[in-house]
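Undergrad: Line by line, the protein sequences give chains R and X. Residue numbers 1 to 342, in our numbering, belong to the letters of the first sequence in order. Residue numbers 1 to 175, in our numbering, belong to the letters of the second sequence in order.
Just so you know, the hints here were simulated from the structure itself, not pulled from any lab data. Note that CB positions come from ideal geometry on N, CA and C, so glycine has one too. Just so you know, nobody snuck in bad clues.
The following residues of chain X were derived to be distant from chain R, with all beta-carbon distances above 12 Å:
no.: 1; residue: F8
no.: 2; residue: C97
no.: 3; residue: I132
When the alpha-carbon atoms are kept at most 25 Å apart in a straight line, the in silico DSS-like pairs for lysine-lysine are as follows:
no.: 4; chain 1: X; residue 1: K79; chain 2: R; residue 2: K279
no.: 5; chain 1: X; residue 1: K158; chain 2: R; residue 2: K279
no.: 6; chain 1: X; residue 1: K79; chain 2: X; residue 2: K12
no.: 7; chain 1: X; residue 1: K82; chain 2: X; residue 2: K158
no.: 8; chain 1: X; residue 1: K158; chain 2: X; residue 2: K12
no.: 9; chain 1: X; residue 1: K12; chain 2: X; residue 2: K82
no.: 10; chain 1: X; residue 1: K82; chain 2: R; residue 2: K279
no.: 11; chain 1: X; residue 1: K157; chain 2: R; residue 2: K279
no.: 12; chain 1: X; residue 1: K158; chain 2: X; residue 2: K79
no.: 13; chain 1: X; residue 1: K79; chain 2: X; residue 2: K6
no.: 14; chain 1: X; residue 1: K6; chain 2: X; residue 2: K82
no.: 15; chain 1: X; residue 1: K12; chain 2: X; residue 2: K157
Listed here are the chains, written in short residue letters.
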Amino acid sequence: MSVRTTLEGRPFGHPLHPLLSHVPLGLWLLGLGLDVTAVASTDRVDWAIRGAYYVLLIGSAVAIITLITGINDFLDIREDHPAQRSALFHMALMIPATLLFIFDVVVHYGWLQGRDIGAFALALSSAGYVLALIGGYLGGLLVYDHGIAVGRHRRLRKLPQNTIHEPRAQFLPEAGAEIPAAQLPVTPAAPGAAALGPDFYPVVPESALPEGATLRVEVEGYVLVLVRAQGRIFAVQEFCTHRCGPLSEGTVHGINIQCPWHNSCFDLSTGEPTHGPAKVPLKTFETAVRNGIIQVRIAGAAAERAEAERAGGAGRRNPPEPVRGREEGRPEQPRRTTSDKP
Amino acid sequence: MANPLKSFLLGKWLGHPLHPAIVHVPIAMWVGALILDILSLCGVGGNALVRTACIAILAGLASTLLVVPAGIAEWTQIKRDKPAWTLALWHMVMNVCVVMLLIVSVILRLGSAWDATQVPMIPFTLNLLGNIVLLASGYVGGRMVYDQGIAVARMSKKRYRTIAAAGHANLPPPS
Numbered sequence: 001m002s003v004r005t006t007l008e009g010r011p012f013g014h015p016l017h018p019l020l021s022h023v024p025l026g027l028w029l030l031g032l033g034l035d036v037t038a039v040a041s042t043d044r045v046d047w048a049i050r051g052a053y054y055v056l057l058i059g060s061a062v063a064i065i066t067l068i069t070g071i072n073d074f075l076d077i078r079e080d081h082p083a084q085r086s087a088l089f090h091m092a093l094m095i096p097a098t099l100l101f102i103f104d105v106v107v108h109y110g111w112l113q114g115r116d117i118g119a120f121a122l123a124l125s126s127a128g129y130v131l132a133l134i135g136g137y138l139g140g141l142l143v144y145d146h147g148i149a150v151g152r153h154r155r156l157r158k159l160p161q162n163t164i165h166e167p168r169a170q171f172l173p174e175a176g177a178e179i180p181a182a183q184l185p186v187t188p189a190a191p192g193a194a195a196l197g198p199d200f201y202p203v204v205p206e207s208a209l210p211e212g213a214t215l216r217v218e219v220e221g222y223v224l225v226l227v228r229a230q231g232r233i234f235a236v237q238e239f240c241t242h243r244c245g246p247l248s249e250g251t252v253h254g255i256n257i258q259c260p261w262h263n264s265c266f267d268l269s270t271g272e273p274t275h276g277p278a279k280v281p282l283k284t285f286e287t288a289v290r291n292g293i294i295q296v297r298i299a300g301a302a303a304e305r306a307e308a309e310r311a312g313g314a315g316r317r318n319p320p321e322p323v324r325g326r327e328e329g330r331p332e333q334p335r336r337t338t339s340d341k342p
Numbered sequence: 001m002a003n004p005l006k007s008f009l010l011g012k013w014l015g016h017p018l019h020p021a022i023v024h025v026p027i028a029m030w031v032g033a034l035i036l037d038i039l040s041l042c043g044v045g046g047n048a049l050v051r052t053a054c055i056a057i058l059a060g061l062a063s064t065l066l067v068v069p070a071g072i073a074e075w076t077q078i079k080r081d082k083p084a085w086t087l088a089l090w091h092m093v094m095n096v097c098v099v100m101l102l103i104v105s106v107i108l109r110l111g112s113a114w115d116a117t118q119v120p121m122i123p124f125t126l127n128l129l130g131n132i133v134l135l136a137s138g139y140v141g142g143r144m145v146y147d148q149g150i151a152v153a154r155m156s157k158k159r160y161r162t163i164a165a166a167g168h169a170n171l172p173p174p175s
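Bound-form chain R, shown alone (with noise of 0.2 Å):
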């Protein structure tokens, strides 16, 4: 086990960062409560005040450590997943709570030793508690709301870090620049391609893509994740068919695939759920290699796409509407390839 995945509580099968959290967010309430005390009692209470400068102390040094592994699970959040900007508000608050409380700490000390800055005390614990307090609501609801970190422990590899987004784009010749044939896109003009047919995306080449790794691809607005399983590449829907969970970040197990979220598990080769809340099955797709490239069949998107873009030029951006069964019959139309550039 590598330091991020132990930092991540993969080895204990419980996220640290979470758990360490309570250490600090009851510990510095506890703390703004002494301060209360000792600020309106007549008398000079040293007690509270020392059990504040403990308390604050105590839960300041976990906040620490749950910084770091915070941090370290923030690096695990895809790049384009809706969680990631709510994870950056959560950091922007709980980074200045914490430095506050560590101030807080040190006003305490001052504060011991005789100095009256009580009412500064207190201001620094309330002002850094409400933070604190925003701040764990926003990470409650990254949890709650988009399921960082829920099941990640059943997964012995890396979360997809990105969406594979315009598959074709990397196989696009930049200008005048010569490309091995071995690189070359499959397209209905390459070698042996044809028979794929116009619905065929090349998506990824094949060696990223290793037994049991998944992949979180979107094409032509469709949502897809690859999976190796059993040596078979599998497409299906990215989503579980229960809540909606993220399947690229779920769990392989033979030819099943499992949702980190809910538990639930759908066979790869079919769609159909095997296991757990989800009675849906999912869409499968077609796939092939050809050249060393994975290629996904979104039936029937080549067609609308010519559609749209006979119909109002921009439509390459519109995802086009479910096809679900209005494939059959619709003549095939050529897709732009890069033989059509010069």
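Please arrange chain X on chain R, whose structure you already have, making use of the hints.
TA: Positioned in the frame of chain R, the structure of chain X alone reads:
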């Protein structure tokens, strides 16, 4: 939600499940009390830390008045045949043990808390035992979220449904 009390306890008003949000208080109070006890036994801090530990345990016990009903409300949301239902039962049994150990610990320390510079051994031992059970119980509680997904995407399911629909996915049946 038909029952406004249950809806409150589940944290619908907050947009965040209530039980895991407020458990920070008793957990930190009791872990903090153990650390303070150890410090006072090591001769650090003197009577201030004995008093603070006593207050921390009492504050943690007071917070259970809200934490326990919120936890029971969460438990009623779990279907009987799910593994999480049994985990929740264990979680609850262990928490009852923790609360009882700490009640006895706080009763036994109340008499000396305002003068002693070190916590007596019996309340300290009970606090230590309580914290060990608390660690196990908190771990089980965390597993319910991070391994079983309890309360995950409960309040965001509509948003994720929209995201999944935009990605041309087959969707869960509307609820």
